[in-house]
Amino acid sequence: MKTRKLFVALSLLVVAGLVLAGCAQPTPTPAPKPAAKVEPTKAPAATQAPAATKAPEVKISNPPKTAEEVDAIELKGKNVTVLYWHNRPQKDQDFLQGMLDEFNKSNPYGITAKAEIGGASYNDVYNKINAAIQAGQPPEISVAYQNQAAFYRAQGAVIDLAPFVKSKKYGLAEADLKDYFQTFLDSDKNPQYKGEVLGFPTQRSMEVLYYNADWLKQIGYNEPPKTWKEFEEMACKATNKEQKKYGWAFRHDASNWASFVFTHGGRIITEDGSAYVFNSDAGVQALQLIQRMFEKGCAVEIPTSERYGEQNRFANGEVMFVLASSSGLPFYKEAVDKGAKHKWDITIPPNTGKPVINLYGASVSVYKTTPEKELAAWLVIKFLGEKTQTAKWAINTGYLPVRQSAVADVVAAYKANPAWAGGLDASYARMFDWAKYAMVEAPVAGYDPVRALIDKEILSKAIADPKADAKKLLDEAVKQANAILKENAPK
Amino acid sequence: MTVRSVPPSSVRPGRLSIAGLIARAGWSRLAIYLLLTLGALGAVFPFIYMITTSLKTYGSVITGNLWPWPPLGAETLQWKNYADAIDAIGWDKQWGMYLFFRYAINSIFVTLAVVAGVMITSVLAAYAFAQMHVPGKNFLFILLLATIMIPGDLTIVPKAVMMYQFKNPFGSGSWYNNYLALIVPFLASVFGIFLLRQFFMQIPKDLFDAALMDGSGHTRYLLTIVLPLSRPALVSVALINFIWAWDSFKWPLLVTRDSNMRVLAVGLQQFLVQEGGTKIQLMMAFSSMVVVPVIVFYFFTQQYFTQGITTTGLKG
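Protein sequences appear in the order of chains A and B.
Throughout the first sequence, residue numbering follows the working numbering, covering 564 to 1054 in sequence.
Throughout the second sequence, residue numbering follows the working numbering, covering 518 to 833 in sequence.
Derived from the structure by calculation, the hints contain no laboratory data.
Computed from a predicted structure; not experimentally measured.
One should not assume that every hint holds.
If you anchor each label on the Cβ, the simulated ranges turn out as follows [as the list claims (entries may be wrong)]:
#1 A/844 / B/553: 50 to 60 Å
#2 B/670 / A/654: 22 to 32 Å
#3 B/618 / A/684: 35 to 45 Å
#4 A/661 / B/696: 50 to 60 Å
#5 B/611 / A/620: 40 to 50 Å
#6 B/562 / A/1031: 45 to 55 Å
#7 B/656 / A/684: 58 to 68 Å
#8 B/596 / A/833: 55 to 65 Å
#9 A/792 / B/553: 47 to 57 Å
#10 A/860 / B/669: 49 to 59 Å
#11 B/601 / A/664: 21 to 31 Å
Facing chain B, according to a computed beta carbon distance under 10 Å, are these residues of chain A, among others [to be verified]:
#12 691
#13 768
#14 876
#15 899
#16 903
Glycine is no exception: its CB is placed at the ideal position from the N, C-alpha and C atoms.
Same shape as in the complex, but just chain A:
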């Protein structure tokens, strides 16, 4: 009888545990706390400044609000560890850690930087960071697109880097700042938070037009399209439905759409980030162009399930034009070499008079921890942005370096690398001239759901019904996008 009772009690305990586990709700999570208290470290007696010359004590806020506050942070002997979450594969992780090991050896503050793979995509890292923020345990730094950084900022989790950049002791000298591509730096100044610098670039890429040069020549053109009119004409001339060959590979990608809007003279969001405006005349013209391309059968849809289908089809000579990230260059090169082996190149996307580039590449954001950790995190980012590091990273990954002084080294390395044979180093070099035309999509919190909305409510509907009223589709989507913007606006 005792056994029976014990058995019933045990079984009920298991069931009750299960029910509780199923119904468990998260406890309200406080805002991210400092990850660890840094023990006050006694400076060695010999290096102590005499009392008479002691600088006036500066109160350091968390995060530091001024360059002076940053200057006042003492790092020596604190042995801070900086964890960096990124989305690169293991090969790049090893390479990155190799660079960080150099930093760990050379920095005079005893900082230890460690890179970790947060996921294979920016979204993976984003989800992971959000959970970590809720738990109050974010890493010290991570990759983050501008809109993602804005979302973290809305939760008080990322910090403004401006005081660190301006710091006399730890910041960047004027010459260094000028060495950075200005548009790359500007892309991290957040309009929703009065220009706060919510991330800092260590790499960039841009959306370019990949084109099959042999095919273009075959249909009578020696140059890639400069305008959308030429693009449409060439794509339609290239199309042969019977042979399943199409002028343009359409991707379900909000960034592709943004490029179309930019190059038609429009914007995705206003400069101050207060309202989505992709339903402007430029947006309507861009959407009508896409609709015409489908109506005339000059474009082929790449289903979302066919990952990198546009790359494979391009490599196999099935599509003539693809709009995609410049960081895909090494992948395109290898795919074409193994595929149709045709001559190909990249160019700036067509436009309606004014050249524009959609700037890609996430920055590195710093999370609110302790002033010491935040400073250590900044020093890691500063190191990764140095000429040698940004050049190394660019050569290893295909991204663009962030400093002008690194360009020559990177181009030379590509020229010497057989994997980049075929004159592509020249194309790569041209991208740096295009950097000045850079625009960013929407550096605001809540842009991720808007991206999904753009695909669902605009692109998918427009290609399914090329006769659909473009203005109506855009107006409806902008209305919904602005509601999302309002929901995520700084409180």
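Got chain A sorted already, so can you dock chain B onto it with the hints?
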């Protein structure tokens, strides 16, 4: 419509023509078989695609060559893709082995622990629900079932937050980036309890009464009578949870950060480089290696699995 039946003697055994088959089975049955065959082919196709792609060159993948090997092509089977896939994932400096094997060890350990845990908790809970007189057990059961209705994606972040906050009783730190986070939250399966309860309920009460008269208690009755009778259902629960734990991707990615804590499904995603591209043949080679244990397990247990599904009222 009537289907004319043909006496078996009119069809020669061993050498059946299509007409003979139709005559014997009837059009409707033939249509059913045809549909089932198509369905089976549809189910098998992704596996065929995976295996064949894993043995192609990158060039054949790009050009969409379906059969690049003799007699249609001149390529040889690219077994080296498997070695390249293992190599591409990287090296585990801590244990001095390819990360693939480290991931595999983690996958095996986590999966076995989860399956063992689920079996224990599911058997105990299902038995209580099915065979014991516990006040309010039906209400509890409905409450339990209700948790299935909550989408997993909705609770994944709160659960991950808990992993950060729970203290590791066996060492320093929290459950995050620890086997505890990979195993403990999945030691109980509502679906497993449901499935076993359905099965246990079919066992006649008389058996328990007889066992009681022979001096048996619940524990002995469960271990010596109920469990041996429930082999098909137990195998089904084990197999379903095995597949689930083995394939789990989102959760391990969310609650681990070190390469040496990750599992095979997480490693697989490394073949997709965002804003870059992928080597499909390597990805497929990796996938093929990942699914082997599931196929082997299913191969040895499929008979029980089918019985388990059909005898628990879960068939469509």
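Broken hints, by number = 3, 4, 6, 7, 10
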